[in-house]
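Novice: Spelled out, the chains give:
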Amino acid sequence: MSSGAIVVESHPADTLLRAERLPHILCPGCGIGSVVHTYVDAIAASGIPQDKHVCVSGIGCSGRAAGYVNVDSYHTTHGRSIPFALGIATYRPELHVTVISGDGDLTAIGGNHFIHAARRSVALLVLCINNFNYGMTGGQAGPTTPLSAMSRTTPHGCWERPFNLPFLAQAVGASYVARWTVLHVRQLRAALIHAMNKEGFRFIEILSPCPTGFGRPNDIGDGISEMQNYLRRCVVDNGIDLRQTDIDLTQQDSPIYVGDFVDVDRPSFRPQVVQHAH
Amino acid sequence: MTPATAPAIDEHPRVISGDHFMLGDHACAEGALAAGLDFYGGYPITPSTEIMEHLAERLPAVGGTFVQMEDEIASVAAIIGASVAGARVMTATSGPGFSLMMENIGLAAIMEVPIVIVDVQRASPSTGLPTSVGQSDLLQVRWGSHGDYSVIVYCPSSPQECFDLTIAAFNAADQYRVPSFVLMDEIVGHMTERVVVPPQEKIQRVYRKRPSVPPGSPEFLPFKADEDLVPPMAHAGEGYKVHMTGLTHDERGYPSLTAQTHEKLINRIVDKVRLNADRIVRYELINTEDAEIVVVALGCTARSARRAVARARMKGIRAGMLRPITMWPFPQTVLKELAGNGVVKRFVVPEINLGQLCREVHRHTALPVTRLNHPGGAMITPDQILEALEA
Ligand SMILES: Cc1ncc(C[n+]2csc(CCOP(=O)(O)OP(=O)(O)O)c2C)c(N)n1
Ligand code: SF4
Ligand SMILES: [Mg+2]
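If you read the protein sequences in the order shown, they are chains A and B.
Per the working numbering, the first sequence starts with residue 1, numbered consecutively.
Per the working numbering, the second sequence starts with residue 1, numbered consecutively.
Rather than coming from a laboratory, the hints here were simulated on the basis of the structure.
Hints may be right or wrong, so weigh each one.
[What the hints assert, rightly or not] Computed Cβ-Cβ distance ranges for the label pairs, DEER-style: (1) Ile25/A with Glu251/B: 18 to 24 Å; (2) Glu251/B with Gly47/A: 29 to 35 Å; (3) Val172/A with Gln204/B: 58 to 64 Å.
Keep in mind that this is a model prediction, so the values were computed, not measured.
Ideal Cβ positions, reconstructed from N, Cα and C, are used throughout, including at glycine.
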């Protein structure tokens, strides 16, 4: 205490985070903490009681998000956060269920659940923390790893075409689609609050730095450098045709389009209630 | 299903009390409804599809939730999700789908979420004989997911038992907060027989224990077990702000990745069934009082065995039968008693697989065990069992 450090008694997020679980396990410079913070901030501003929010995650660094938020939270199996959340959201339609997970979790092993939940318009807000790799297992390639990027399983550069997630989400029926980076805190917060109060399957891709798994092998440097690198390319275009929102990191100046791309009314999937079967 | 006293056209009671001539699969579905099924998530597969189709019709009509999922992995994930939100839940499948369910069975076990899974066994492995009988998931149902955990498994041998034991499975899942199973086989699932559905008030429902303190009470620890080793369960949206994870966790539910926490947690989730086994175990004994040869058989095979034992008796052979109704926990105490009573000389184990039940029988006795196996596609007949008794 003699160092002159300011010690605060409380923090506005204290009741929203599981303070007793801090410090978290994430690497310095990781973007996941920022997403968690923006999410709980949006919970507080959502107008929905905290007790009616539920957070579900899969497995991965991003999947650890559920462990830090002070709402009913479920850390499930790899790829299965969406069907698990479907069980909660369809059985208790008054709850507001948010899925927070990684690009690998949601779009590789969980890709089938993703497209079907969107097709059904399940009442879920799905946040995909896209760090372009499998962070937790040490930096392997996944379905969002950009062409030519280096990873532990693409030591000669990635040669598979990655997903354009906003385009995918729109195509399969999401009522809301946005893409922001962890540096767009205010835009992300606004998107979250808006999406929390919408029906249907809502999807936000959040580009996030992973200095350990992605920054290092690609000579991007630390988390801040990685984000500055993205931010330089970011172009906000809410109305863009989503066929054009592929992310190409091979071209130094190719844009990364961000924005609130899709916002349509689509009623949530509700279990069928039959009064008289005949 | 043709109710003898058909309900009025605009009535859709949850419990169709009365006498019925009913398919085993439908009896299972009706048992689930009678047990208070709230949420069904499933994916069609022979020979279990009739359960799903029946519930697609019946469940929404009684206010429940029916969802056809995209696969069996999603089916189990969805029912676990609905269960943490407070629902009584079930899914039904057969071999290939059952294999897909394994990972999340482990999740239900370590999160201690009550779920009921029906597996109508068919001839396997892989796609095998999709429409024909098998009994080869006896060990998979116990050990299929990785790691140590405990389950409760009922094996009906008639449509009546499909009804009764599905109710038992719901009650056991909730009471012990475990995945519980109704392990049927194609013959029993596709057989039509008399099923008596009791009056609603005669059907006992056991529900999971619930927290005794209000949300926000610091003394509430979601994974602190009572003396019966089972913790009370708080549901999503009630304000308890629980955290549940498939990682090894402490009493708060928080990840605690140490060998000590792991030892404590895993021993408890195994012991809560192991130490209560005498209360859970069910079996039927036929003519074992003076039996020298005891057949151990379950499911449809027990039906052949029953006939074989009766015929053997007529021929003067002192035969009897032990029919495990719970495959797991296995009725090992009674088996050991029989083996040690000085009268029994030999066991005969017919089963539609190449030796799963007999493996368990062997574990509990040094007496000779005669195996009678078929890999699937056909029942083992009374004649074959009789021959083994005469040998
Ligand atoms: C069924 C299964 N397969 C593989 C794994 C190993 N695994 C854990 S996390 C992970 C990838 C996580 O990547 P992502 O979802 O992008 O999350 P990140 O760590 O990058 O945030 C993998 C493959 C697992 N836990 N379960
Ligand atoms: S490996 Fe990457 S995603 Fe995981 S905590 Fe470290 S920086 Fe974050
Ligand atoms: Mg990732």
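Novice: Please go over all the hints and tell whether each is borne out by the structure.
Specialist: Verification of the supplied hints:
Evaluation of the 18 to 24 Å hint for isoleucine 25/A and glutamate 251/B yields a pass: the beta carbon distance comes to about 20 Å. The hint said 29 to 35 Å for the Cβ distance between glutamate 251/B and glycine 47/A, and at roughly 34 Å that hint holds. Between valine 172/A and glutamine 204/B the C-beta distance comes to about 45 Å, which lies outside the given range of 58 to 64 Å.
Of the numbered hints stated above, the single one contradicted by the structure is hint 3.
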